[in-house]
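All chains should be built: construct the whole structure from the sequences, respecting the hints.
From first to last, the protein sequence lines are chains A and B. The numbers in our numbering rise by one with no breaks, and the one at position 6 of the first sequence is 71. The numbers in our numbering rise by one with no breaks, and the one at position 346 of the second sequence is 349.
Hints listed in this document are in silico derivations from the structure and should not be mistaken for laboratory results.
Label-pair restraints from in silico Cβ distances:
#, chain 1, residue 1, chain 2, residue 2, range
1, B, 445, A, 85, 39 to 47 angstroms
2, A, 69, B, 387, 33 to 41 angstroms
3, B, 39, A, 143, 27 to 35 angstroms
4, B, 98, A, 90, 31 to 39 angstroms
5, B, 281, A, 116, 32 to 40 angstroms
6, A, 91, B, 296, 40 to 48 angstroms
7, A, 85, B, 260, 52 to 60 angstroms
8, A, 132, B, 296, 55 to 63 angstroms
Computed footprint of chain B on chain A, listed as stretches where at least three residues anywhere in the stretch have a Cβ under 8 angstroms from a Cβ of chain B:
#, region
9, 101–109
10, 114–120
11, 123–130
12, 141–154
Examples of chain B residues toward chain A, derived with CB under 7 angstroms:
#, residue
13, 357
14, 359
15, 360
16, 363
17, 377
Ideal placement from N, C-alpha and C gives every residue a C-beta, glycine not left out.
What follows is each chain in one-letter form.
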Amino acid sequence: MSIEPSDVEKIAHLARLEVTEADVPEYVRNLSNILDLVAQMDGVDTDKVEPMAHPMAMAQRLREDVVTETDQRDHFQQIAPQTENGLYLVPQVIE
Amino acid sequence: MYNKTIAELSQSLAQGEFSSVELTQVYLDRIEKFDGQVNSYITVTADAALAAAKQADVQIKAGTAGTLTGIPLAQKDIFCTNGVKTSCGSKMLDNFISPYDATVISNFKQAGAVMLGKTNMDEFAMGSSNETSFYGAVKNPWDLDAVPGGSSGGSAAVVAARLAPASTGTDTGGSIRQPAALCGITGLKPTYGRVSRYGMIAFASSLDQAGPMARTAEDCALMMNAMAGFDERDSTSIERDVPDYSASLNQSLAGLKIGLPKEYFAAGLDNGVASAVEAAIEEYKKLGAEIVDISLPNTALSVPAYYVVAPAECSSNLSRFDGVRFGYRCDNPEDLEDLYKRSRGEAFGPEVKRRIMIGAYVLSAGYYDAYYIKAQKSRQLISQDFKQAFEKVDVIMGPTSPTVAFNLGEKTDDPVTMYLSDAYTIATNLAGLPGMSVPCGFVGQRPVGLQIIGNYFDEARLLNVAHQYQQHTDWHSRVPAAFA
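The following block contains the structure:
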């Protein structure tokens, strides 16, 4: 399975990753090789097999709907790149 | 002092042969002297270690100490540690001082253990050689030209080089067992859900599991007594009683049924590794075990299935690194999209980016069934192989890794070649089973690991099986000459 340079650009956008033009050929080569490896599954008949999402086949645990977290906003925001008045700052989104 | 196991150190501390402060200082001095050669620590927390050791000494004097009180340990830099840099081997988290403790860390604090520092690792635990770390590769203490394995390469190297008595690791596709094998130490990946994942930076959430890395199975048991248990803060933690893992170490192996899967001894296995593993099997026969030939027919599906499941989960998990709340942020972003793309593009290394891209691809519209569902079905087949095998045998044995440690740089050009070095370890993660690696010989200077796979929650039996072998062999007590 080989992928095209345009696929690389599309995936990079989906994953919000900057990929420079110079890096594209290497991604094409490496990602194609990995997909070739993955394609080895194609030879096996899995029509009647249940997909396995989790090793323990268990349901997610539920708990009472009560507050368990304390307010640690100031503590957590100490390590944020940019904050103001308790808010995280990002470049302007709405004109 | 530095050649003693945890079990021996614990006794020495209790008998007052030396204090935890003295012991901790010995290790800090060794790290200072030797770690330049190995590059196994990202952060050394000397002051905090000595303070914790001092506290431990008070407890020991007061007679309120537990087995791990005052024992120095190294923690993989994937475990969030309150007030300490927790980098996960990435530039993305180079500036991240964790605001809280992972459950594994708080469990060891509670047990009175002393943290020496945080160990080097492949970036976000993605790698089999420790070469993807932002902080540079770790060197194998047995041969400084060789890789230590990965992703818990630093944790394996500190134990081999005697820069810590033991350490913690995490294992998503072999990341405890493979470096343990390549560095000649003992490592255990518990059953999925046995040890809490809370505060352990996520790679592939349905596969990740933390475990001990030490010189002996006995030490792994002592660490498991502190690590294992239910944690309500981990949604997939298992509510199930924790046995005393030390209690059954001395059980006889007479009548133990060991399955040898023919697929683990097929083409691709190095001859020297095969001989060492076969010699270990002979030793088990002497201990009264019965050998049963078995087959795990879907073994060849495990690497392909893993490289869909793990990247898919990684691309979701790593979307949290957005340059907004913590971690790296690029300079002068033009707009929000530029902020995301450049922060991630500049701070993730090539292997992490490859896996995020594969994950985004296999999950994207139109490909989900062909890749992700197909991989989950393959995972089911792999899991059923084990289920059938464990109807006939108590444990499964084989090599941990197809080769001994390879040279630094040898496999960095081709990701797929690197991936295949986990061919024997990945299947147990996909099934969620526990597995161990135990030192069982050498090829030249480089160690070989014997893999022992158990049924769900059978860690105590694995430790027993490994301990009995270590009572009759001395591979686990060899020290690399340069660090003796």
